[in-house]
Every structure is written in C-alpha cells, then in structure tokens.
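Asks: Here is what each chain is made of, one letter per residue.
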Amino acid sequence: MSADTVQSIIDDLGALLLFTMILIIAASQISRAIYAVAAQSLLIAIAAGVLAKATGNVDLWVIAGVTLAVKAIALPWVLHWVVWRMNVRREVEPMIPVAATLALAVAVVVMSFHLSGSLGPVRQTITGNALPVGIALTLLGVLVMATRKTALTQMVGLFASENGIFFTAMAVTQGMPFIIEIGVTLDVILAALVMTIMVLKVRSTVDADIADLDRLKG
Amino acid sequence: MTGERPLGLVLLEMILLVLIGPLVTGVIQKLKARLQCRAGADILQPYRDLAKLFRKGTVQADTTSGFFRSIPVLVLAATVAAGALVPVLRAGPPAFPLGDALMLLGLLALARFLTAVGALDAGGAFGGMGASREMTIAPLVEPVLMMVVFSTAMAAGTTELGALAAHRGTSWIFAWRAADFLAFAALLVLLPAETGRIPVDNPDTHLELTMLHEGMLLEHSGPGLGCMVLASHTRQIVTLGLGAALFFPIGPTDGPGVMGLAVGAGAFAGKILALVIYLALVESSYAKLRLFRVPQYLGVGFVCALTALALRIL
Numbered sequence: 001m002s003a004d005t006v007q008s009i010i011d012d013l014g015a016l017l018l019f020t021m022i023l024i025i026a027a028s029q030i031s032r033a034i035y036a037v038a039a040q041s042l043l044i045a046i047a048a049g050v051l052a053k054a055t056g057n058v059d060l061w062v063i064a065g066v067t068l069a070v071k072a073i074a075l076p077w078v079l080h081w082v083v084w085r086m087n088v089r090r091e092v093e094p095m096i097p098v099a100a101t102l103a104l105a106v107a108v109v110v111m112s113f114h115l116s117g118s119l120g121p122v123r124q125t126i127t128g129n130a131l132p133v134g135i136a137l138t139l140l141g142v143l144v145m146a147t148r149k150t151a152l153t154q155m156v157g158l159f160a161s162e163n164g165i166f167f168t169a170m171a172v173t174q175g176m177p178f179i180i181e182i183g184v185t186l187d188v189i190l191a192a193l194v195m196t197i198m199v200l201k202v203r204s205t206v207d208a209d210i211a212d213l214d215r216l217k218g
Numbered sequence: 001m002t003g004e005r006p007l008g009l010v011l012l013e014m015i016l017l018v019l020i021g022p023l024v025t026g027v028i029q030k031l032k033a034r035l036q037c038r039a040g041a042d043i044l045q046p047y048r049d050l051a052k053l054f055r056k057g058t059v060q061a062d063t064t065s066g067f068f069r070s071i072p073v074l075v076l077a078a079t080v081a082a083g084a085l086v087p088v089l090r091a092g093p094p095a096f097p098l099g100d101a102l103m104l105l106g107l108l109a110l111a112r113f114l115t116a117v118g119a120l121d122a123g124g125a126f127g128g129m130g131a132s133r134e135m136t137i138a139p140l141v142e143p144v145l146m147m148v149v150f151s152t153a154m155a156a157g158t159t160e161l162g163a164l165a166a167h168r169g170t171s172w173i174f175a176w177r178a179a180d181f182l183a184f185a186a187l188l189v190l191l192p193a194e195t196g197r198i199p200v201d202n203p204d205t206h207l208e209l210t211m212l213h214e215g216m217l218l219e220h221s222g223p224g225l226g227c228m229v230l231a232s233h234t235r236q237i238v239t240l241g242l243g244a245a246l247f248f249p250i251g252p253t254d255g256p257g258v259m260g261l262a263v264g265a266g267a268f269a270g271k272i273l274a275l276v277i278y279l280a281l282v283e284s285s286y287a288k289l290r291l292f293r294v295p296q297y298l299g300v301g302f303v304c305a306l307t308a309l310a311l312r313i314l
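Residue numbers (the numbering used here), protein chains in the order written: chain A, 1 to 218; chain B, 1 to 314.
Derived Cβ-Cβ restraints for the label pairs, each shown as a range: (1) A/100 / B/314: 18 to 26 Å; (2) B/36 / A/28: 18 to 26 Å; (3) A/81 / B/286: 22 to 30 Å; (4) A/111 / B/290: 29 to 37 Å.
FYI, nobody ran anything at the bench for these hints, they're computed from the structure. Here a beta-carbon is modelled for each residue, glycine too, at the ideal position from N, C-alpha and C.
Go ahead and model the full structure; you've got the sequences and the hints to work with.
Replies: In structure tokens form, the structure reads like this:
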C-alpha cells in the first residue's frame, strides 16, 4: 500500500473513532455505550492491521489480534455481564446534562486540533490526523469519566481513553515495542477486573454506588 | 467537468420531484408495515389521499384571517421552488443563475415559518402547540444541516448543489475523506428530524400530544390540506435529494442525451431508495423521544457536523 492510501485510511478510521466517541458521550443507556466502545476497539484493531500491512511490522499483527480479542470482545462482554449481574438501572446517570457534555466535547475536539497544530514538527512525522484525533479521544474519555456517576460508565470512559492513547502511540511510533503494548493491555485487563470486583462487592455489601462514596466523611 | 443544466432540464427535474414525492412516502409506509408484519396500504395510497383532498370543499374556522387561505399555496410554492435547486438527473451547475444550497435551506425554512404562522393564525390549541414545538426543533436542525453543507462546500469551493455533486465525481465511497464520514453521520442523524419521522416526530398520529407537524395542519381542510400534505411529501424528497447530491455522485454525469438521463434517473431512484430503507428501519426500531430529549439526540448530529468542519479547516 502506498503512503497516501495508508494516511487516508488512518484519517477515515480516526473520523469513525471520533464518531463512536460521540456516541459513547451521548448514549443514554449503559448497554449502548458498551456497544459503542466495543466498536471503537474494533476500529483500533483495524487501524493496527492497516499499519501492520503498511510497515510489515509483525508485532503489530499480534497487537491487532490481542486488541480485537481483549478490548473488542472480552471486556465489553464482562461489562455486559456486570450490568446483568448487578441488575442496575440501565440508564446512565450524568452529573451534568448530556447536552452540556456534548458542548464540552466540541470544545475539547477543537482544542486538541488547535494544540496539535502548535506541535508542528511532531505532527509532520505522524500519519495524517492521528495526533489530534488521539488527543481528543483521550481527553473525551476523561470527560466521560468525570461526568458520570455510576462506576460502570466510568469504566467505559476509561476504556475509551485508553483506546485514544493506544491509537496515538501506534500512529506516532509505527508500532511500539511488543512488550510495552502487551503490558498496557494487561494493565487494562487488570483494571477492569479490579473495578468489576470492587463494583460488585460495594454493591453486595452496602448496596451503594460510587457516587454515594461522597457522603463518607472522615 | 460536466455540462451545464439547461432550463428545460431543471423544470423537468422539479416536476419529477413533486410527482414522485408521494410515492416515496408510500414506499416508506409500506416498508414500515412489512417490518411490523402488517400488510400495509398500497404504495400509491398517498396519491389517492391527495386526490380525495383536492376534490373536497373547504371549511375554515371563524377566527382565521384572510391570510390563512393563502398559506397552503405559499408553503407549497416555497417547497417546490426548493425542489428546483436539487440536481436529480444530472450533475453540473444550471445554465442560468438559480440559487445554491443556502437558498434551498432558506426556502425550506420559509415554508416551515409559513406553516407555523398559519397554525398560530387559526388560534387552535393543538396548532399553537405544534407550531411552538416545531419552532423549538427548527433552530437545532437547520444550522447543523448548514454545517453539513459547508463541510462539503469547503472541499469543492462552491455552495452550488449541482457543482458540488459534479465535484464529488462518480468514485463512490472510496473517494470520501475523513470529514465526509462524520458529515454523513450527522446527516443520518438529522434526516428523521428534517423529514418529520420517528425519533423526533410521529407522522402517523393525528390527535396525540406527541405530534409536531400534524398538529399544525389540523385547521386546514380540503384543497388547502392537500397542498400542505403535498408540500410535506415534496419537502421529504427534497431533503433526501439534498443528502444524495452532497454525498453520493449523481449517476454517470456526462452520458449523451436521453440514455444518460435515463441512467441518471435510475441512479437517483437507487440512492433515494437506500435512504428510504434507512428511514423505515429507524422508524421501526426506535421509539419516539420525549420532547426534552430531542435536543440531546440532535446534539449528536451537531457535534458530528462541527467535528467534520474542524477536520476540514484545522
């Protein structure tokens, strides 16, 4: 594949990644947000595959496979299982109205494009628009974590944010060292497991959610 | 670059749009019925409804002013004029000064405004409520639709729809840039709102508090109602045609004579059919949103369109 083709494919995937992120922010039910984050991980895996084909880096193929198996299939499945197990209300509970979050999201996207513009020389070496899109995804994931009350939607935000970091790193380095990628993936799995157990335990012992922890005063 | 469109062709396209508008509604209703395991009415039913309405007499509330009678005609005229701006059979700018995509959106907004004024004029409770709701939704839909147009126009350097379609060429989805995907996503979110369909409005109800557009038509009757209904059919196909012109190339554009036009007509029918199937699927698989949730739904379209613009500019 020629460099131009790769660049335009990465650009297109970046646009679709932003679209899934917008869906995550706007989702009014937890299950829809989970589907959106699964789709996002699938797109990341495709991007890894495209870069692997373009650079001939074998590690990237493995990373694409691991991303597909872990982040696009296993983790969303775990999240769905927790939702089913906890039998919670299926609606996300935002701290501020979703419309306001969407307005903030616009500001974040414009800001990250503006910021990466000032990183001129860095941006030149990177495939297409991957840098601003990656920054935007990371920050929007943090935004989702900050504006949601329930732990589950915060987990979705964490995964989305992690996807953004992964996408940027992949596009910047044309494939990081294999051991780092695997380490990052293991981190995410571990975080998901810890949070799942924590959410279920908190739920089963005191019947409260993360937002109620505010009321604990020392 | 393709040739220009002569006056005759533009007029032909406009008449064609008005004629097949009701058919599109009929097909959507039939598809919806089949998806819900019903037999459904014939796809020609909207034509029969129109014919029936035009044969009937007019009854009018005592409270209406003289302006009320002219409203349906004005609304229909504005919508049909908007139809003249949509390239149907062939891409390329018209051979004479006609107007661009902004003109089209302006005419549709004018039709919407006149409909709301008519509903308020009659003084009925339903009409006033429908008008107020429609005017709440409209400022959320129209700017986003403009941004979608702009994000395509930025690349082509013109807002003339025929020239936009010609610039898009015949290379289908493979020539799409990143911004086009987001703009198209925004358009898909907007289409049900602009055509008055289910997540935003319910076209099937006549006497519920959920209705927007139908509520404004309650005071009209006979030929006047016929004009309003025909205008809403036309508005729907004009919106679909706008989407098709912005994102899908208009057939093999420089085919010679009648043959090229026939291919263009076939391509147009295919594109409209694809969008119609999308609308029917959305209508069958979603429930109508609460009115206060509509801004959130349209917000998705807004953010998508703005991001598309950001991708183009920055």
